[in-house]
Amino acid sequence: NAGVTQTPKFRVLKTGQSMTLLCAQDMNHEYMYWYRQDPGMGLRLIHYSVGEGTTAKGEVPDGYNVSRLKKQNFLLGLESAAPSQTSVYFCASSYSISSGGQETQYFGPGTRLLVL
Amino acid sequence: AQTVTQSQPEMSVQEAETVTLSCTYDTSESDYYLFWYKQPPSRQMILVIRQEAYKQQNATENRFSVNFQKAAKSFSLKISDSQLGDAAMYFCAYRKTSYDKVIFGPGTSLSVIP
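Keeping their order, the protein sequence lines are chains E and S. Position in the first sequence counted from 1, then plus 22, gives you our numbering. Position in the second sequence counted from 1, then plus 1, gives you our numbering.
Among the hints, erroneous ones may be present.
Said to hold, decoys possible - In silico lysine to any residue, SDA-like type, Cα no more than 20 Å apart, as pairs:
#1 E:Lys31 - E:Gln107
#2 S:Lys102 - E:Val72
#3 S:Lys102 - E:Val82
Calculated from the structure, these hints are not laboratory results.
Please put together the full structure from these sequences, using the hints given.
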């Protein structure tokens, strides 16, 4: 049981390049989330998903897209990276129908992204 | 809109001593959840403790306990017998029961002095 994993751990991009961050969870959780963390600002929700095939915007969705084609995976895409997207990105998941616990989120280890 | 405030950007505590981290929040809901998350230098977010608003009893987890004052909308975290491994960033968070979004505070950086 690996919990929540994120790939890659660290990446450097040039402005305008694209990339996809992968989040995977093996807890059969229904809900998955992508956050970004910036100094002094805590965590801000980018996008989230309440189930396979569904996604919704969070607080700071601009410049990002997401997909949830499989229940266990939640992908975060940057189509044209900008220096303002330099941040640490966290994925989280919560809630399995069998075990409840909807309100507690389990976090991945984070991905550090630097956009030059 | 719900907000979470942590008024102490940095705190320090002597090893083996007790420290209290403050958190206040704003909501019009009567039922909700509150959390404290710890983020050590490894950056992994770790759930420390959670509190259901409908429960009057304060949650405890080993050396960690909370002082939940619902009327004052205050949710402080007390760490007893502080250890070097407690040094981390601590985030207070709020979640409305029927909504999926978790609101995080800006965090408090805790240093533990040997």
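| Violated hints - listed by number, lowest first | Those not satisfied: there are none.
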